[in-house]
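Going line by line, the protein sequences match chains A and B. Residue numbers 1021 to 1258, in our numbering, belong to the letters of the first sequence in order. Residue numbers 235 to 545, in our numbering, belong to the letters of the second sequence in order.
Rather than coming from a laboratory, the hints here were simulated on the basis of the structure. Please note that a few of the clues may not be correct.
Chain B residues, not near chain A, derived (Cβ > 10 Å throughout) [unchecked claim]:
#1 His-268
#2 Glu-523
#3 Leu-525
Using C-beta positions, here's what the derived DEER-type ranges look like [to be verified]:
#4 A:Lys-1151 / B:Glu-285: 20 to 26 Å
#5 B:Gly-515 / A:Lys-1246: 41 to 47 Å
#6 A:Ser-1152 / B:Glu-285: 32 to 38 Å
#7 B:Glu-345 / A:Arg-1076: 27 to 33 Å
#8 A:Ser-1187 / B:Lys-382: 17 to 23 Å
#9 B:Pro-532 / A:Lys-1200: 47 to 53 Å
#10 A:Asn-1035 / B:Ser-366: 55 to 61 Å
#11 A:Asn-1058 / B:Glu-534: 32 to 38 Å
#12 A:Val-1032 / B:Leu-505: 54 to 60 Å
#13 B:Lys-382 / A:Gly-1074: 52 to 58 Å
#14 B:Asp-251 / A:Met-1021: 54 to 60 Å
#15 B:Lys-346 / A:Ala-1088: 42 to 48 Å
#16 A:Gly-1074 / B:Glu-240: 52 to 58 Å
With the Cβ distance kept under 7 Å, some of the chain A side facing chain B (calculated, not the full set) [unchecked claim]:
#17 Met-1070
#18 His-1095
#19 Lys-1199
C-beta: ideal position from N, C-alpha, C; glycine also.
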Amino acid sequence: MSVLEIKNLAYVAGNKKILDDFSLTIEASEVHALLGTNGTGKSTLAYLIMGCEGYRLTSGKIVFDGKAINNLNIHERAQLGITMAWQEPVRFEGITVRNYLTFKNKEADPSFYLEMVGLHTELYLHRMVDKSLSGGERKRIELASILALNPRLAILDEPDSGIDMLSTQDIINVINVFKKNGSSVLLITHREEIALIADNASQMCWGKIVCSGNPERVAEYYKSRKCLICDGEVCVYV
Amino acid sequence: MSELEELMKAFGEAGGDKGILANEEIAHLVASGHKILSARDIEGLEFDAKETLTGISAKVTVKEGIEIKNPVHLCFGILHKKGTQRIKMDVKLEKDASAHFIAHCIFPNAEKIRHVMDAVVEIGENAEMKYSETHYHGLYGGIEVVPKAVVKVRKNGKYSTDFNLTHGRVGKLEIDYSVEAGENAVTELIARVFGHANDNIKIKEEILLQGENARGLIKTRVALEDEATAEITGITEGNAPGARGHVDCMEIVKDKAIAQAIPIVKVTNSLAKVTHEAAIGSVDKKQLETLMAHGLSPEEAVDIIVKGLLR
Chain A
1021 MSVLEIKNLA YVAGNKKILD DFSLTIEASE VHALLGTNGT GKSTLAYLIM
1071 GCEGYRLTSG KIVFDGKAIN NLNIHERAQL GITMAWQEPV RFEGITVRNY
1121 LTFKNKEADP SFYLEMVGLH TELYLHRMVD KSLSGGERKR IELASILALN
1171 PRLAILDEPD SGIDMLSTQD IINVINVFKK NGSSVLLITH REEIALIADN
1221 ASQMCWGKIV CSGNPERVAE YYKSRKCLIC DGEVCVYV
Chain B
235 MSELEELMKA FGEAGGDKGI LANEEIAHLV ASGHKILSAR DIEGLEFDAK
285 ETLTGISAKV TVKEGIEIKN PVHLCFGILH KKGTQRIKMD VKLEKDASAH
335 FIAHCIFPNA EKIRHVMDAV VEIGENAEMK YSETHYHGLY GGIEVVPKAV
385 VKVRKNGKYS TDFNLTHGRV GKLEIDYSVE AGENAVTELI ARVFGHANDN
435 IKIKEEILLQ GENARGLIKT RVALEDEATA EITGITEGNA PGARGHVDCM
485 EIVKDKAIAQ AIPIVKVTNS LAKVTHEAAI GSVDKKQLET LMAHGLSPEE
535 AVDIIVKGLL R
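Start from the sequences, fold in the hints, and give me the full structure.
Written as structure tokens, this is what we have:
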């Protein structure tokens, strides 16, 4: 059964078409990798699915568990089981890692989820989720918090990006926990080796899906691209 | 119920540990209005407290080389709806001494109260003083609190304050602290205040880095809602080689509240450095969305962000 269905989605910001006739389906417990260079609209798609402020579809439909969610706010979508790990997670003053991991799920064992992302409980549980954490530490804690929510759909926006990036093995470990818990994952990345751990993959270019299916095939297709940054004009596929 | 019992009841209700009075290893001074209700000094720490016409005058001395292990508790308050309390404090930590003072200022029924604190503090060479001050002003907002402190931190001394007024109304608050830091001295002034209704908050804190390699931090966190107003002035001067100072002010504003931050940084020695940062605005959108993506309602998310800021 489909968890997420995106039907003919278009999103225009100002005069610029960011997403155009975009359709994608993610099944229950499926890990779907979304590959694309910078500027193809991957993060915009994530914000539209999550319902972030200022991101409303120009046309099309987003259906979650059979229900159209276009008009729901971010927390209403989250309460249905959608959540998201931002590419650059924000920091908070005065909030401990323990609190951060248990805001919504009071029963969650924060130590368990910290270990899942490779952080030692005794070193991190009482630290603040503030600027004292490195970029990599903050990303790991964000992933731990998403795991602790046990979502129906987790959107992971480039968990592998940044100076202090997570290794491929780190991400595989996290994805395996999502899979074990029956969560679906939309894994946004521009690294083909990360896409290989998914069940299915799609490649985005200029706001559209240009290739979809087996991750190996999509990764090969992606590797053969001519463009490094999507400028919406010069591309081998369009 | 005696006045002491009543004050300690209010103290307990404000989150304090009433057991401190019975503990003979803990020094304390408890005053209600113009009366001293209870006082205990311990070895190495002397209290010389007197009642005055308008309040209390106290001289506190921590003797040379003495480390006071348990925090010293100061409890000041007025239980009546109206009144004035003027506290005069003269605190001295002699060379190599150290102590942590916790001040509880309790005015649970304040409708027309004025509480004034005038403190002169001297931190001796290598001495260390930590001063935590928590206020509870009740729910009426009919109080004016004016704490003033002039502090001198001598060579290698350490002085830190942590002022908290985050529960109940503020009323009118006018803090005025000035610290002069000597060679290698370290000063940290932290204040956290949550203003509601028509509360009026003025905080002026100043660190003068006079000695070589002196260090100073002024950190202020204020949240405002309704029609509350705040004016936060953080002044740091670097007047000696190697002096380093930083002013950090963050204010979250909701509803019709008005916030102002005035960081003043001045350097008179080319080898000194003073920096500042100030952020005023509504709740950070990305913080809000992150918590909402965790399933929290907008109200729950704002509450968590504000509480975190004031923690």
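Tested hints:
| no. | hint | verdict |
| --- | --- | --- |
| 1 | His-268 | 37 Å, holds |
| 2 | Glu-523 | 6 Å, violated |
| 3 | Leu-525 | 7 Å, violated |
| 4 | A:Lys-1151 / B:Glu-285: 20 to 26 Å | 48 Å, violated |
| 5 | B:Gly-515 / A:Lys-1246: 41 to 47 Å | 43 Å, holds |
| 6 | A:Ser-1152 / B:Glu-285: 32 to 38 Å | 46 Å, violated |
| 7 | B:Glu-345 / A:Arg-1076: 27 to 33 Å | 50 Å, violated |
| 8 | A:Ser-1187 / B:Lys-382: 17 to 23 Å | 56 Å, violated |
| 9 | B:Pro-532 / A:Lys-1200: 47 to 53 Å | 32 Å, violated |
| 10 | A:Asn-1035 / B:Ser-366: 55 to 61 Å | 56 Å, holds |
| 11 | A:Asn-1058 / B:Glu-534: 32 to 38 Å | 35 Å, holds |
| 12 | A:Val-1032 / B:Leu-505: 54 to 60 Å | 55 Å, holds |
| 13 | B:Lys-382 / A:Gly-1074: 52 to 58 Å | 47 Å, violated |
| 14 | B:Asp-251 / A:Met-1021: 54 to 60 Å | 56 Å, holds |
| 15 | B:Lys-346 / A:Ala-1088: 42 to 48 Å | 58 Å, violated |
| 16 | A:Gly-1074 / B:Glu-240: 52 to 58 Å | 54 Å, holds |
| 17 | Met-1070 | 6 Å, holds |
| 18 | His-1095 | 4 Å, holds |
| 19 | Lys-1199 | 21 Å, violated |
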